[in-house]
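A.B. asks: Here is what each chain is made of, one letter per residue.
There are 2 protein chains.
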Amino acid sequence: MKFKIEGTEGAARAGAVELPRGSFLTPAFMPVGTQATVKGLSPEELRELGFRVILSNAYHLYLRPGHELVESMGGLHKFMAWDGLALTDSGGYQIFSLKGMIKLTDEGVTFKSHLDGSSHFIRPEDSMAIQRAIGADMVMALDECPPGDSDRIKLEAAVARTAAWLRRCRSVSLKSHQTLIPIIQGGTDREMRRRSADLTLEMDFDAHALGGLSVGEERGAMLDTVEFAAPLLPHDKPRYLMGVGMPSDILDAVERGIDMFDCVLPTRMGRNAAAFTSRGRINLRNAAHARDDSPIDPECDGACCRNFSRAYVRHLFMSGEIMAARITSFHNLAFYARMMALARKAILENRFASFKRDFEAKQNNGGVNE
Amino acid sequence: MKFKIEGTEGAARAGAVELPRGSFLTPAFMPVGTQATVKGLSPEELRELGFRVILSNAYHLYLRPGHELVESMGGLHKFMAWDGLALTDSGGYQIFSLKGMIKLTDEGVTFKSHLDGSSHFIRPEDSMAIQRAIGADMVMALDECPPGDSDRIKLEAAVARTAAWLRRCRSVSLKSHQTLIPIIQGGTDREMRRRSADLTLEMDFDAHALGGLSVGEERGAMLDTVEFAAPLLPHDKPRYLMGVGMPSDILDAVERGIDMFDCVLPTRMGRNAAAFTSRGRINLRNAAHARDDSPIDPECDGACCRNFSRAYVRHLFMSGEIMAARITSFHNLAFYARMMALARKAILENRFASFKRDFEAKQNNGGVNE
Chain A
752 MKFKIEGTEG AARAGAVELP RGSFLTPAFM PVGTQATVKG LSPEELRELG
802 FRVILSNAYH LYLRPGHELV ESMGGLHKFM AWDGLALTDS GGYQIFSLKG
852 MIKLTDEGVT FKSHLDGSSH FIRPEDSMAI QRAIGADMVM ALDECPPGDS
902 DRIKLEAAVA RTAAWLRRCR SVSLKSHQTL IPIIQGGTDR EMRRRSADLT
952 LEMDFDAHAL GGLSVGEERG AMLDTVEFAA PLLPHDKPRY LMGVGMPSDI
1002 LDAVERGIDM FDCVLPTRMG RNAAAFTSRG RINLRNAAHA RDDSPIDPEC
1052 DGACCRNFSR AYVRHLFMSG EIMAARITSF HNLAFYARMM ALARKAILEN
1102 RFASFKRDFE AKQNNGGVNE
Chain B
752 MKFKIEGTEG AARAGAVELP RGSFLTPAFM PVGTQATVKG LSPEELRELG
802 FRVILSNAYH LYLRPGHELV ESMGGLHKFM AWDGLALTDS GGYQIFSLKG
852 MIKLTDEGVT FKSHLDGSSH FIRPEDSMAI QRAIGADMVM ALDECPPGDS
902 DRIKLEAAVA RTAAWLRRCR SVSLKSHQTL IPIIQGGTDR EMRRRSADLT
952 LEMDFDAHAL GGLSVGEERG AMLDTVEFAA PLLPHDKPRY LMGVGMPSDI
1002 LDAVERGIDM FDCVLPTRMG RNAAAFTSRG RINLRNAAHA RDDSPIDPEC
1052 DGACCRNFSR AYVRHLFMSG EIMAARITSF HNLAFYARMM ALARKAILEN
1102 RFASFKRDFE AKQNNGGVNE
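Those protein sequences? They're chains A and B, same order as listed.
The numbering used here puts the first residue of the first sequence at 752, with every later residue one more than the last.
The numbering used here puts the first residue of the second sequence at 752, with every later residue one more than the last.
Pulled out of the complex, with its shape left as it was, chain A reads as follows (with noise of 0.2 Å):
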């Protein structure tokens, strides 16, 4: 993996990563397709939406369809015809999201498996040969994901853990195309977040990832969080920020410094008939736009305001058809994807403060919110 830095402003950066199967620019925003596919949206709208990067999740393919089968089609890219890059996140956080069915010991975790209850040891050693099987072009380590309201004695285990388990991770070789990237740990505490960031940076790898945030914190708290992580990790290599966000949430942590970004709101949101606008968010199932046949947001060039109006988006979430989900997920992909091509533009014209201030100032005083 190469980085690129083609831009800076204070801390923010615009910049390109180069892996051995295509590029990617930054700051960057990865649709979720948890099961091998983005709910809703075919990989030519992907594209067509200009992202070049999704990420999918190696617990859910290893589960089913399971990533052996995924390997004999060719792997992941060619199972869902995505002729981008994938990242797949390892299933730390999926499985501490069990709760009551996991059994953690150093050796690794035993979960049981939320489709059939079918019970599941997983060492770091075997997620990497799952995402190995799989076939991402990068790869996460199997952390260990504390909840957001964990006290500084479990935050301390798990860092000690997730940096213990990394090591393994390293040790396990994965295909020429992948990239292994670690994770670090710590909550909002600072010591911990220190402490795993040095033990990470210890070991060198080419892009590091924040994890353990948006699980529950206060927003400030994730932003602080945010501030003081970014800048312990190297500067000339991408920092990812994992499950973070709603749009304002993702222009605060560019400010801070991240490069790359996942979340399941725009496609999750756009199921529910919320949809993004540049005036603020929207509920299309409201009564108000009945009868209005402006487009979702006129600031959208996508497909979805081209073609649709906010009358007919409404009647096919009441009479809840299909082509509700695909059109708002699609539109919401594509604020998503138009708000990080302004915010890299902004950050190369070095005015990326005030592309940001605006942005805000018409989300939040669009009169339209609900």
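Hints in this document: simulated from the structure, not taken from any laboratory.
Watch out, some of these pointers could steer you wrong.
One copy or two, either will do: identical chains are not told apart, so a pair holds if it fits within one copy or between any two.
Said to hold, decoys possible - Below, in silico cross-link-like pairs of lysine to any residue (SDA-like), each with a Cα-Cα straight-line distance of 25 Å or less:
no., residue 1, residue 2
1, K863, A884
2, K829, E799
3, K850, E876
4, K753, A1054
Here the structure of chain A is known, so what remains is to put chain B in place on it, guided by the hints.
C.D. replies: For chain B alone, kept in the frame of chain A given last:
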């Protein structure tokens, strides 16, 4: 509406229909978009598949979002961003499917909405006003559609009422681009079909539909009725067999002189994992496809089969993903589009009989029927 017959083979015809806002080739299949959307597919995809006419439903659009709303949004085409042609069913079939929930008089029909139980009274004149507002290119008369097992007395009454209502439908002026199409009733009773045809032909229309078939009667009785009734209708005008059907039914009806078809099966079955292929129907949830990296149908040249394997689509179905329905509905409509295009070409080249024989032999002997 103009109709030109470009070739015949026996009773089968290949033609072209010209309407003020566009034209289409026959025999033609019209995908069903009951609620102003063909479930799961975008207008662009329908066009890409070669469809030029879609069917929507006045009954459903009247109840939700309301025909006045559709009209105020510029009519059905603009509302759903469909630049092709559209036909609306009057709602007769849907209303009479409500069974116990209707009350019928010569004046009109009172029914309770399937959405909220609200009571509605619709006369033939109302159906025309509704369809006028919706604005489809072809508009179906409001008919009485009795159950498939109705006795002579019931059929006789339905035929008489359908003709009386047709006269009232005809008295309502539509928009200049709209064509009214009458529906011949009479069940599988030849005398009743003849009477219904006679009563209809007195009035002189540009196209004719056969209704009240594929409503529970045996397949043989349905085909016998088509074979008997099609020649009762003018040779030089399009004949439309409503709600039929399976691929083999369609080819059998083309052979008997039918030009237009609609059916929910390709999309409904697609959503339920049933895929039409050149070698018979398959169920994509079947474990046999779990590791099958071949396309749904190797003879399909759609994006569905260029991009995705059976193994992948099965995974999407097992995972409850929207893309499963999207891909399989798209594929099934691609199958129907190709079948219609091949049938038309075969008629023009005077080899429809052998095309049909080969097509059906392959369907039945593919060895993969499930």
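A.B. asks: Please go over all the hints and tell whether each is borne out by the structure.
C.D. replies: Quick rundown of the hints versus the structure:
1. K863 to A884: within (22 Å within a copy, 56 Å between copies)
2. K829 to E799: both (18 Å within a copy, 24 Å between copies)
3. K850 to E876: within (22 Å within a copy, 63 Å between copies)
4. K753 to A1054: Cα proximity of K753 and A1054: none, with 34 Å in one copy and 34 Å across.
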